[in-house]
Each structure stands twice: as structure tokens, then as C-alpha cells.
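Taken in order, these protein sequences are the chains called A and B.
Going by this note's numbering, the residue at position 107 of the first sequence is 107; the numbering climbs one at a time, nothing skipped.
Going by this note's numbering, the residue at position 72 of the second sequence is 72; the numbering climbs one at a time, nothing skipped.
Quick caveat, the hints were computed from the structure, so don't treat them as lab data.
Glycine included, each C-beta is placed from N, C-alpha and C at the ideal position.
Any given hint could turn out to be false.
As the list claims (entries may be wrong) - Part of the chain B face toward chain A, derived, beta carbon under 7 Å: (1) Y15; (2) L57; (3) I58; (4) R86; (5) R89; (6) T102; (7) V107; (8) N112; (9) T119; (10) H154; (11) L156; (12) G158.
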Amino acid sequence: MKKYLIKRLLQSIPILIGITIMTFAIMQLSPGNPMQTMIDPKISSEEMQRAQENLGLNDPLPVQYFTWIKEVFTGNLGYTVKTGQPVGQLILERLPATLLLTGTAFVMAFVVGIPLGVYSATNRFKAPDYVLTVLSFIGISIPSFFFGLGMIFIFALKLGWMPTSGMVTIGADLTGFAKFMDYVKHVTMPSIVLALPTIAVVMRFTRSSMLEVLNQDFIRTADSKGLSKLKVNLKHALRNALIPVITIFGLSIPFLFGGAYITEHIFNWPGMGSLGIQSIVAREYPVIMALNLFTSILVMTGNLLADVMYAWADPRIRY
Amino acid sequence: MENLLEVNNLKTYFYNDGAETAAVDGVSFELKKGETLGLVGESGSGKSVTSLSILQLIQKPHGKIIDGEVIFKGKDLVKMGEKEIRRVRGNDISMIFQEPMTSLNPVFTVGNQIMEVLTQHQGLSKKEARVRAIEMLKVVGIPSAEQRVDQYPHQLSGGMRQRVMIAMALACNPDLLIADEPTTALDVTTQAQILELMNELKEKLETAILLITHDLGVVAETADKVAVMYLGRIVEYSDVETFFEEPKHPYSQGLIKSVPSIDNRVDRLNPIIGQVPHPSEVKSGCRFASRCERVQPICLQDEPNLIDLQGHKVRCWMYSDNWIEKGVETNAGEVTSSRGA
């Protein structure tokens, strides 16, 4: 296991290098450059040329790449074009908010999705199964911007139960439990919106996986041993059924971080997602590059985590 | 001696897309303490369904026991509630299955799976159950049981896994063991070992065994009584000696004849012609009529009852008083036995 982990970590190095090249290349290929948003329109083209030269924007691409990568490895992700803030600091400021949102959504997806899937499978061809199947298709198909705005309209504007946006009540100086509840109130709607498609996917996956397992011979053996239906379903069946669900577990991490772009934007959530959208609109290349890099590392970690969990869940897999 | 198990007129039907299939149609037999009954038949004869019906393990809503009773130690298992029957399963009656490869849960250690029945039924603590599990693994002849107990099924061979299944089934000292083709999936040498083990344990623990098989050799080696099933019905029922010496039903005769003998080298095997029809295809008359060599008009009209010939029961018109056979000049007992084939 330890050997496998080291091997996987070493394997991720070339992938990481590939990611940096891709990130760099995509940014180079996209139209416009930061100079165009920065400069005073009255500036002469000669001066502009000189400025570009000084900033190294006229250097050959490989040189530019290595300049960038060297700085990245020393922890310098660059400075924003407009305000000159260090990008690393900017992202770190936004990270906790995003982690709170995606973390809540992640837990919600599995804590809600798995039991619903089990329930659906054990009640196959009965009313609850049909209802859940329809709901899951709605959950998968409904776009998050629509669902999010709908939620805001109903629960925030019409009923007034929930705040419309943000992470904390502005101006309220809360402490202790009241502060915690304030967070809970704010995070509920965006995390439901973010988690919904994943809940639906986890549920469908758990359901089909459970149905497959429930037909296996060893379930008949467990029944013949006189175990209760609950124990057969939750111990013998679910433990086997969860193995394929781990795949979703790994895949959902990047999916949730990606989904956070839109969800954060709708709910004005002060996280990395809204930062990303702002940066794309403002052509803040250093920020976009840093966010890309960050997300790629997350995807890799998610996959690695899933592989490790496979080995933990299925004794037949040994690395 | 009193009967341990009495199956009376058991009928288990399956329903698929509105069609009704009589998988087990009025089966009766009994089993005494320490006795072994071999339930023989081709695939689709209803022998596995019979065994699952005893423990009420028929998958609802597709399958249903529509009639009959299964009296075990004076109580009808069919009428039992879910909770009550669970106390019987794995404790008083346990089962082993055909496929040792897939009958054990791949994600739990074999020890865990044996311990489970002990903690469930005998109220043992985990520690006590583990000791007993190791003990059981030794009883079924698994070497270095202390290590094996913590292994997963995939780390064991097929024969070893079937031994684990037997250990699990016998852990609570059941009165009855239902063995559904326990050796079919194993190779011949392993098969012999498992049969020997079962015989040995039967004598030691005085467990009655309901042995379901299509292998007459296995029956000859282990059973005291034989019931031959065809399309959901018992067609012949007798003790094992009489059965092999004098099989009465044309189907049983055919089964015995189809086993190649090592003493008589023949160029051709003697199969029973045709295939087992689907139960829904048989409308009236004897269910075996479509494949019987000695079929007569009466066979196609009415189904014979189980005729009792001094304890040897057979469901065939040949043994009724009004049997008139045209054209064939043989008598029923002529077919030579091949006991122990």
C-alpha cells in the first residue's frame, strides 16, 4: 500500500508538469492580453512596445513559461493586473469560503444520496422508487442557475426564511453559536443547489449497484443464515454496493469545485468560484492560471483518494 | 421414530408477466433425525425451489408458496412469521449452495462470516464466536485454521470455500442441513473429499441432510432415501438400495441407464431423449409422457397418482391394476442396476 502510494505520487509529477504547460498554453492562445486592459488609451504604440518588452511579454514562449513556473514553485503566483495584489494571497482569502460550500455539498451528496439509493433499491417497483427516480432525473437535468434563482425567489424573497446571498449577515456582529447558525443559514441554499446533481447521481449509482448486489449468491447465503433484512441489506449488500460508488466519490470533487463557479456567482458567495468568474471577465490571467492549477491538483487528489479507498473497501484489490 | 421434517403437498408457483409456472407442484416427503434424503432430478425439475421453499427463501413477489405445509419439529414453517423463521434459518436448518465461489461475501473474512451466525443465534460474544469459528474450520479439515480465519474468500480455493460454507452451516449444530448441489462446481477429487467430509460429519453430529443433486453417484454414496423429481413432482420415492436395485419409473430407469458404466464399455451413451419441457407446456396426462419410451394413450389423458408398492412409491400407470401395454414385451424391473456408478 505504501509502495503504491509513493508510486502514485511520483506518477503525478509528470501529469502536474503537463497541467502547467496546458494552463500556460491556453492562456497564451486566448485573445487579448493584459496590456490592453491596463493601458491608458492615450499611450503611444512605441511606449506600449517598450512596456511589453520590459514586462517580458515579447520573450519566446518557453522563456516565459519557465519564468512563470519558477515563480510558481517559489510560491509566487503573480500579481493581479489591476490592483497588484498577490494572487496567492487572494486565493487563500477565498479558499475557506469555497471549502465551506463545497465541503457541505460533498457531505450532503453522500449522506443524502446513499441512503436514498438504498431505499430506492430495496423498494424497487414500488411507489417510493418511482418517485425517487423521477426526482433524481429532475435533479440531474435542472440547471443550477435556474434552480438557484428559483430557491432564492421562493425561500428568500417570498417566504423570507433564508438570506438571498452572501456568507454572513452584513453588519451583524455575532459570536459563538449565533455566528455558527448565521453560517448555517447562509450555506444551506447554495450547498443544496450545488449538491443536487451529485445527490441524484450518487443515488442512481447506489441504487443500480445495490440491485446488482442483491441478486448475488452471497445475499441468499446471508438470508439463509437467519440475519435480519436490515443486516443483510446494510451489511452484506451495501458494503459491496459502495465499491463502485467510490468512483463517483472521486469524480465529484472536481465536479463540485467546478459547479461552485456558477453557484457562488448566483449566491454572491465570496469564494474562489466567484473570483474565477470575475477574473475571466477582467482577463486577470495570473488569477485564472492559478485557479486552473489549483483545480487540476484537486482533480488529481480526488482520483488518488478514490484509488486508495478502493483498496480499503475491496479486499480483492491489493496494490 | 418421529419425523424431523415433513413436507406435505408443497406447491411453489412463480409468476412472471402474468404467466403462472408451477415449479413445485404438490411435493411430499419426510426426513427423520440423522437421515439423508437425496432429491434427484434434471435442471428445472424443481429441486432447488423445493429446498428454498423449506426455509421460506423464495423471492417474493415473483415466487409464492401457494399451498402445502413444511412441518419441522412439529411446527409449520410456511405459517411462521418473518422473525420466527429467522430463528430457524442458520440455527436449526442451514443451507449450503452449489457455487462456493460466489456464495461467500467477498468483502468479509471467512471468520467474520462464520462468527455472524454464532453471534446471531447462540448469543456468543465476538471473542467466543471467533474461538468457535476456528474450531469449526478445524472440524471441516481446513489446515492452519488460525490463519485462515482472517482470510478473505478469494484467498481460498473452491474446495476450501465449500468447507467454509459447511463450517458456517454446521456452526450452530443444526438438526437439518440442506445441501443444494454441494459438489457440482468442484472438481472430482475435491468432490470426493467434500462428500466424505459430509458423511463423516453426519455421523458425528447426527444431522439430517437433504441432499439436492443431479448426480446419482453422489446419491448412491451418501443417501438413505431417494426422491426423484420431474417437472415439479416426485415421480419415485424409496430407500436407496431398492431404488438402485429396482428402479420403477421409466424416468428413473432412464437416469440410471444414462450413467456410463466402467464395466460395460459401450460406443454410445444412453441419454433420455428430448428435453425437460417447460411446466406450462404440460397440459394433461403424465408429465414425463413426452419423453417416455413406453407411453400409452392413458398416459396422455390422465396423470397417475403416486402408487405405493410396499413403501416404494412410483408415479406411473404401469403399476396400476388396469395397465395394458401394447407392442412392448418387457417388464419394468428388467433394467439392470448400476449402483455406485
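Status of each hint after checking the structure:
no. : hint : in the structure
1   : Y15  : violated, 13 Å
2   : L57  : holds, 6 Å
3   : I58  : violated, 11 Å
4   : R86  : holds, 4 Å
5   : R89  : holds, 3 Å
6   : T102 : holds, 4 Å
7   : V107 : holds, 5 Å
8   : N112 : violated, 10 Å
9   : T119 : violated, 10 Å
10  : H154 : holds, 5 Å
11  : L156 : violated, 12 Å
12  : G158 : violated, 13 Å
Comparing the model with each earlier hint shows violations of hints 1, 3, 8, 9, 11, 12; every other hint is respected.
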